[in-house]
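Chemist: Residues per chain, in single letters:
There are 2 protein chains.
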Amino acid sequence: MSAPVSASASASRSLKIGIVGFGTFSQFLAKTMIKQGHSLRATSRTDYSQLCADLGITFFSDMATFLGADNDVIMICTSILSLSQVLKSIPFHSLKQPTLFVDVLSVKEHARDTLLQVLPEDSDVLCTHPMFGPESGKNGWRDLNFMYERVRVMDEETCSSFLKIFETEGCRMLEMSCTKHDELAAKSQFITHTIGRILSEMDIESTLIDTKGFEALVQLRKNTESDSFDLFSGLYIHNRFAKQELKYLEFALEKLKQKLLKRDEEEQEANQ
Amino acid sequence: MSAPVSASASASRSLKIGIVGFGTFSQFLAKTMIKQGHSLRATSRTDYSQLCADLGITFFSDMATFLGADNDVIMICTSILSLSQVLKSIPFHSLKQPTLFVDVLSVKEHARDTLLQVLPEDSDVLCTHPMFGPESGKNGWRDLNFMYERVRVMDEETCSSFLKIFETEGCRMLEMSCTKHDELAAKSQFITHTIGRILSEMDIESTLIDTKGFEALVQLRKNTESDSFDLFSGLYIHNRFAKQELKYLEFALEKLKQKLLKRDEEEQEANQ
Ligand SMILES: NC(=O)c1ccc[n+]([C@@H]2O[C@H](COP(=O)([O-])OP(=O)(O)OC[C@H]3O[C@@H](n4cnc5c(N)ncnc54)[C@H](OP(=O)(O)O)[C@@H]3O)[C@@H](O)[C@H]2O)c1
Ligand SMILES: NC(=O)c1ccc[n+]([C@@H]2O[C@H](COP(=O)([O-])OP(=O)(O)OC[C@H]3O[C@@H](n4cnc5c(N)ncnc54)[C@H](OP(=O)(O)O)[C@@H]3O)[C@@H](O)[C@H]2O)c1
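Each protein sequence line maps, in turn, to chains D and S.
Heads up: take any position in the first sequence, counting from 1, add 97, and you land on our numbering.
Heads up: take any position in the second sequence, counting from 1, add 97, and you land on our numbering.
Check the hints yourself; a few may be wrong.
One copy or two, either will do: identical chains are not told apart, so a pair holds if it fits within one copy or between any two.
As the list claims (entries may be wrong) - Simulated pairs of lysine-lysine, BS3-like, Cα-Cα distance not exceeding 25 angstroms:
id, residue 1, residue 2
1, 354, 344
2, 352, 193
3, 277, 309
4, 261, 319
5, 309, 261
6, 340, 309
7, 128, 319
8, 277, 340
No lab work stands behind these hints: they were computed from the structure.
Take the sequences, apply the hints, and build the full model.
Modeler: Structural data, given as structure tokens:
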């Protein structure tokens, strides 16, 4: 049963999509994929068989059986920090056919390099980053950014069918190298998470006299906390541009503080 | 000529409001006051006679003449840093009658104390802080916070008529001590300005792959920059709770950084 799709997007082929890592984010993606009529199966460290049964998804606790289940696409949705370990545990020799591997990790060079290291050479690789999550995408994906790089694509048709999932929902499709992504994401998404986590450390809370700007920060704190600390530390550890951005943030705070102290001194001198 | 007001607010008396300091913020307030049918006059360091003429406001370059102009209310709208100096330059003996003095400064204990020091004892004092500005209030003031303390009010009627200006526009009216205000504003508004200024020092800019959270930060940077650095440093210098909040912000960043470094080390050890 396929939901109505926007007029501009032509009907896409129904795919058999296998999900590795059935945490918050892939559960969120899965709902739209099911709505579009794709057939889903999943495997994960945790046993999600009941949740999967409720959603109409086949759950495999055994990785080899999962690999043998005739997937058109295998979508890697594990945490950034566990990627290497999870990929190393996959018995790729159980694959029955060349398969498109897609990852959705929030860091891209690391995902690309790790996938290229471990995947059989006849597997296709599409690196993606949907720039939204359960909170920002809760009212649909229209106009939300979807970054991707066709790292190694021989089967164009399957790759296009997969991308169509996001096109159909109205995402802004951005083809971009993994390197460019990491550079931009360190300056934008990583800084956003960092500010959100700082506000969380400060335990900021709504007051009786909030300004609109402060309301936005309270919301940012809340959204950031709904992502795991694993995700945040993954952004820091596996995006090589992030460390520099954290330094810039520290410099900026120090510079601003110096400006305030200087101003404070000037005022005190003027009032003497 | 009075614009239609919301059904819940009864018609308010037309006031003669004299403005001291005709900068960005009081120009913004003036437009709504004129719309409501109040009669405005202004004085300022800078010569705004042309702008005032365009708006139907009488501009006085001489402070004594301004004071003699039969104002029901004198609204102090100078920068936080210039308040003492501006008040000291006012020849209060030129006042012809007891007058309600209202200030709109973003710090309240300092405004209250300075006003009580210099004003004649028969003048009323209402300390207020509209928790919005030209950006957040550009589509009207409905549901925006308006804080006030009746510091010394003998003429209840004039004070109520002044407050009605904000009630009529749908503001959330919050009666609160100046001390409580400063405590809460240091935790909320000052932190918001500080984050905005940090982002400005970092020169953050919209990227091709913005998340919704980052878009909010780009907007925050923009809004913060539209306020003067005088305003921001005024929040720091004249709200006695602000310095502690800046320290908390520094601690929070340091603590978060330590968490990231620890996690990074653990990952490196695990991968050895
Ligand atoms: N949340 C978002 O808004 C968002 C947006 C775009 C991209 N992403 C990316 O999507 C991926 C999943 O994100 P998430 O939000 O669901 O949370 P996450 O904390 O980044 O990842 C959780 C997932 O990783 C698995 N996992 C964690 N440690 C593991 C280990 N040691 N061994 C095996 N599996 C492990 C979990 O498996 P179990 O559930 O079985 O324990 C779960 O499926 C991440 O790579 C993230 O960067 C997230
Ligand atoms: N902007 C907002 O959103 C907002 C919101 C709530 C409350 N407030 C408060 O409203 C007041 C005005 O804010 P603002 O945004 O217009 O900008 P501001 O930079 O805080 O203040 C500008 C005003 O101060 C006057 N001024 C500055 N230095 C002076 C000096 N040395 N001598 C005499 N006058 C001096 C300026 O006069 P000239 O224009 O004649 O040079 C101008 O009228 C501040 O106390 C602020 O805290 C602002």
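Chemist: If a hint holds in the structure, say so; if it doesn't, say that too.
Modeler: Status of the hints after comparison with the structure:
no.: 1; hint: 354 <-> 344; in the structure: both (15 angstroms within a copy, 10 angstroms between copies)
no.: 2; hint: 352 <-> 193; in the structure: neither (58 angstroms within a copy, 49 angstroms between copies)
no.: 3; hint: 277 <-> 309; in the structure: between (33 angstroms within a copy, 19 angstroms between copies)
no.: 4; hint: 261 <-> 319; in the structure: neither (31 angstroms within a copy, 35 angstroms between copies)
no.: 5; hint: 309 <-> 261; in the structure: between (37 angstroms within a copy, 22 angstroms between copies)
no.: 6; hint: 340 <-> 309; in the structure: between (31 angstroms within a copy, 22 angstroms between copies)
no.: 7; hint: 128 <-> 319; in the structure: within (23 angstroms within a copy, 36 angstroms between copies)
no.: 8; hint: 277 <-> 340; in the structure: within (16 angstroms within a copy, 39 angstroms between copies)
In the structure shown, a violation is registered for the earlier hints numbered 2 and 4, in ascending order.
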